[in-house]
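Colleague: Quick note, the sequences are listed as chains A and B, same order. For the first sequence, my numbering gives the first residue as 115, with consecutive numbering after it. For the second sequence, my numbering gives the first residue as 115, with consecutive numbering after it.
In short, the hints are calculated from the structure, not lab data. Please note: incorrect hints may appear among the correct ones.
Since the list gives no way to pick out one identical chain from another, each pair is judged satisfied if it fits inside one copy or across any two copies.
Stated by the list, open to error - As a list, the in silico DSBU-like pairs of lysine-lysine whose alpha-carbon atoms are at most 35 angstroms apart:
#, residue 1, residue 2
1, LYS486, LYS660
2, LYS666, LYS226
3, LYS564, LYS484
4, LYS554, LYS226
5, LYS620, LYS226
6, LYS584, LYS554
7, LYS357, LYS554
8, LYS618, LYS481
9, LYS660, LYS357
10, LYS564, LYS584
11, LYS664, LYS484
12, LYS226, LYS376
These figures come from a predicted structure and were not determined experimentally.
Number of protein chains: 2
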Amino acid sequence: MSYAIGLDYGTNSVRALLVDTADGSELATAVYDYEHGENGILLDGSNHNLARQSPADYLTGLERTVRQCLDSAVRADPGFDPKQVIGLGVDTTGSTPIPVDQQGRPLAFHPKYQDHLAAQAWLWKDHTAHAEAAEITELARRRRPEYLNVCGGTYSSEWFFSKILHCLRSAPEVFEAAHTWVEHADWLPAVLTGTENPQVLRRNRCAAGHKAMFSDQWGGYPDREFLTQLDARLGNLSGTLPKQTFAIDEPAGGLTEMWADKLGLPAGIPVAMGAFDAHLGAVGSGIAPGVMVKILGTSSCDLVVRDNHGSQPEIPGICGVVDGSVLPGHYGLEAGQSAVGDIFNWLVNYIQPGGPQSGGHAALTAKAEKLKPGQSGLLALDWNNGNRTVLVDQRLTGLLVGQTLHTRPEEIYRALVEATAFGALTIVNRFEEYGVATEKIVSCGGISDKNEMLMQIYADVTGREMLVSKSAQTCALGAAIAGAVAGGAFPDFHVAQQAMTGYKSKVFRPITANQGVYRRLFALYQQLHDAFGIAGADENLSQVMKELLKIKDENRG
Amino acid sequence: MSYAIGLDYGTNSVRALLVDTADGSELATAVYDYEHGENGILLDGSNHNLARQSPADYLTGLERTVRQCLDSAVRADPGFDPKQVIGLGVDTTGSTPIPVDQQGRPLAFHPKYQDHLAAQAWLWKDHTAHAEAAEITELARRRRPEYLNVCGGTYSSEWFFSKILHCLRSAPEVFEAAHTWVEHADWLPAVLTGTENPQVLRRNRCAAGHKAMFSDQWGGYPDREFLTQLDARLGNLSGTLPKQTFAIDEPAGGLTEMWADKLGLPAGIPVAMGAFDAHLGAVGSGIAPGVMVKILGTSSCDLVVRDNHGSQPEIPGICGVVDGSVLPGHYGLEAGQSAVGDIFNWLVNYIQPGGPQSGGHAALTAKAEKLKPGQSGLLALDWNNGNRTVLVDQRLTGLLVGQTLHTRPEEIYRALVEATAFGALTIVNRFEEYGVATEKIVSCGGISDKNEMLMQIYADVTGREMLVSKSAQTCALGAAIAGAVAGGAFPDFHVAQQAMTGYKSKVFRPITANQGVYRRLFALYQQLHDAFGIAGADENLSQVMKELLKIKDENRG
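In isolation and in its complexed conformation, chain A is listed as follows (with noise of 0.2 angstroms):
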């Protein structure tokens, strides 16, 4: 008997997750809501782009966690032995990167940062440093049209280095007080295995990859010349930065006897480098080529792969592509919606329709389901929260069009639903348009759980099978593999995969009848989408409320 240990650092709350090597089946598991800040994030009332968190709730979130899930653990089956815990792996989300001092630590933890917003782990979430991206973008797109190549075209917002430039424009006496900048993927292994000393720290290649716009093309990150032409303070980190990073089967160290001691584990038991939260959740959701892993949560994260025999596939607006990033030797490409639970949880709580029995999300639901695609006469962009691909521009918002005086928060609710099924289907194109296809998609996070009528919505538009992940936890048994083959207990990862992840066994088939309707609306969607998100695009959209109310009218009850 061999068990591993996932850690997943999610958005509000980080979880441990103890698993048995030998099927995945989960012994025990533990969460910690972070303590500070708003459902653990902190915010500036004055700028609603500001997203932190503090790195001192990781901390704390680990020790707790782990605690907790052992002893649960021993309570469920007195037979288990924390000693058999053979390894751990850790997903975060990303790109989160905290500024650091020499010796690896947060400044968070220095007394004179603590309280500064600028000095904590700035969140994936986090948009204030737009204009940073788009600077980023045009120097890039004048002097090193490469670096764009592999993140689709446009630097984000929500990534690296458009944040310590926004640091460094908007906080400067933070930006000179840190060292270095280390991903929180980075740094919670470096932390377990006692190499958060910048010098010797591993950082991993899906954080790296092309959110800090590393590639062994151009021999690792960003050049100094580059980074000192954004600013000459920046040309200084890079020194700080490494020339080599590493994929999840390599090990980010041993854990350290204090660590070992705090925890309950054997020291010196293998960590596994880091991983993004959507990369790992794809490993435990059974990725491979052919099939898709969308983690639909308040975002949406949609990662394929490809075998790596081939070139390195560069798609236009595919975020990421990067060699070993989800899984060794397979191209990982990466793409995403900004928001997808959060459109639905903005009209449940910020519009809150009827109030909050009828308001919210089970009765929005319960009526929206009875309706018929098309019969509403709405059209939504899903565009709230910007548009992460294939646009990659956080400065687009939502859109609602054909509201009549009749329009019912359910019509709404279910428009808003379709409108995150288009977006999906954008890039599922997207991809194959470039010869990366999907044959079926398989979904995890809570949605997929928790509401059937998405699911068969997104079946309908997408024209593909939906599948439901096994794992409740996808992110943390994502995170567990990487433990168990770090611990030896897989030669790789295929086949780990293959005897520790499954799909549930209620499979969403398109409906023939309703994918009619949804290609039709499809087809408007691309209409709005490239009208307001595609500078040059003139679309003529006078036809596209009447198409919506022709619609409404050929499918109403």
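Based on the hints, put chain B in the right spot on chain A.
Modeller: For chain B alone, kept in the frame of chain A given last:
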């Protein structure tokens, strides 16, 4: 001492108003809510375009309100004697045609048809006839382009012949049973004066004007050949339509003995020719060259006048240009927005954000009026009920753009108010482009009194002073003025208006800073307006969301 009575038939109720001809002051008033249907409107659950009314409600309401009004007057002023009433005027909604038999009795009064929806009055906002409106427009464009010049280039589904042709197509048994069709505004004065027999019935110039394509230019109503080309059976209607129509300075006749008895009024007093509510509302609000009267209710009617010395103005998208339709001796120019208050009512009644308390008009307005122009980042099109002016297209719908994950209900509420203001400015601008200037705007209708935020937004957006008509019942007052002129109290309408109308002391003046922001938002509104509303207008909309975010960033608190 002399008094006049104005009867104002609205969408949900009828009002009688008794005024002193000396100064227009109200001695008494009474309202009757129509008994049949939902809020007085007969609906069809399977067709949201349908809106009919029971003609029986018109007669019940007539008797109840006049009786009650006179009773109140006697109680309020024991010196008042109903014999001092010198005349009556009537306004109604329109185009609201009623199918009648050879004696001029509504078919709805025949037991065979009393429950037939097509045999009732076809309320102005009935939009079932959009296909027929397009058909009439298309035929007129090819064969009688002059018909379209006076109605803005497009014949509407709300108008006389569209509705009749739709009845012919959808309920031929009703069409066949009808001898002719009579506007509510003609039928009611005819009933009071015993002139409802189609052979002697006088039809008013205001209703006939553009909505029934009547003009002296081509000798009256559309010719038989034209109607026959639409449908041979429609051609037969031609023989039942007179060559001459009458403005409000003419009487329909004298009050019959029977109605004098029923109402408690002197027999034989003149009943003025009827007109549509908006037109008499404009008279009651002091309309004059340079003064636009904007009647703000569920929808808006915007009226301006120009002296009839020059040639008849031809303004694209302006639905009605009729000599004498508002004031004798002036061209009346009619425009309007298909929904104003109805859009806010939709948000409050159908969406009801946060529930009945926080989702009501008062709560939303209280929060919305604290917002600065532009700070929500939202922009809406006011087309939830189509666009009457300047696009004349019922097959348009609402649109909201700029939503983030933090958009709040009051921001949406304000954006909807602003959208109606932009729609109002679009109308003012169109008039001005064709030489009909608006120096100030007098509004009347409930919203003008109730919502100061809206009035200020309209002033800021239009860049014009917004005044509020002194009377809360301008339509009924206008009808009473017509009654007063018919009864001989004044030599003409100009003198009558000077004596009997006025403004409230509170004036809303444009605020310079707000005007600047709204000019930018209006430019974006125009882009959306043209892109979604005008075939062949290729607008590049890719900067719309970004410009909204820029305005938002510059105007946030």
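Colleague: For each hint, tell me whether it holds in the structure or not.
Modeller: Outcome of the hint check:
no., hint, verdict
1, LYS486 / LYS660, "both (18 angstroms within a copy, 34 angstroms between copies)"
2, LYS666 / LYS226, "between (61 angstroms within a copy, 34 angstroms between copies)"
3, LYS564 / LYS484, "within (17 angstroms within a copy, 39 angstroms between copies)"
4, LYS554 / LYS226, "neither (51 angstroms within a copy, 61 angstroms between copies)"
5, LYS620 / LYS226, "neither (54 angstroms within a copy, 57 angstroms between copies)"
6, LYS584 / LYS554, "within (15 angstroms within a copy, 68 angstroms between copies)"
7, LYS357 / LYS554, "neither (37 angstroms within a copy, 71 angstroms between copies)"
8, LYS618 / LYS481, "within (26 angstroms within a copy, 47 angstroms between copies)"
9, LYS660 / LYS357, "neither (57 angstroms within a copy, 38 angstroms between copies)"
10, LYS564 / LYS584, "within (14 angstroms within a copy, 58 angstroms between copies)"
11, LYS664 / LYS484, "within (20 angstroms within a copy, 40 angstroms between copies)"
12, LYS226 / LYS376, "within (27 angstroms within a copy, 89 angstroms between copies)"
Hint compliance for this structure: hints 4, 5, 7 and 9 are not met, and every other hint is.
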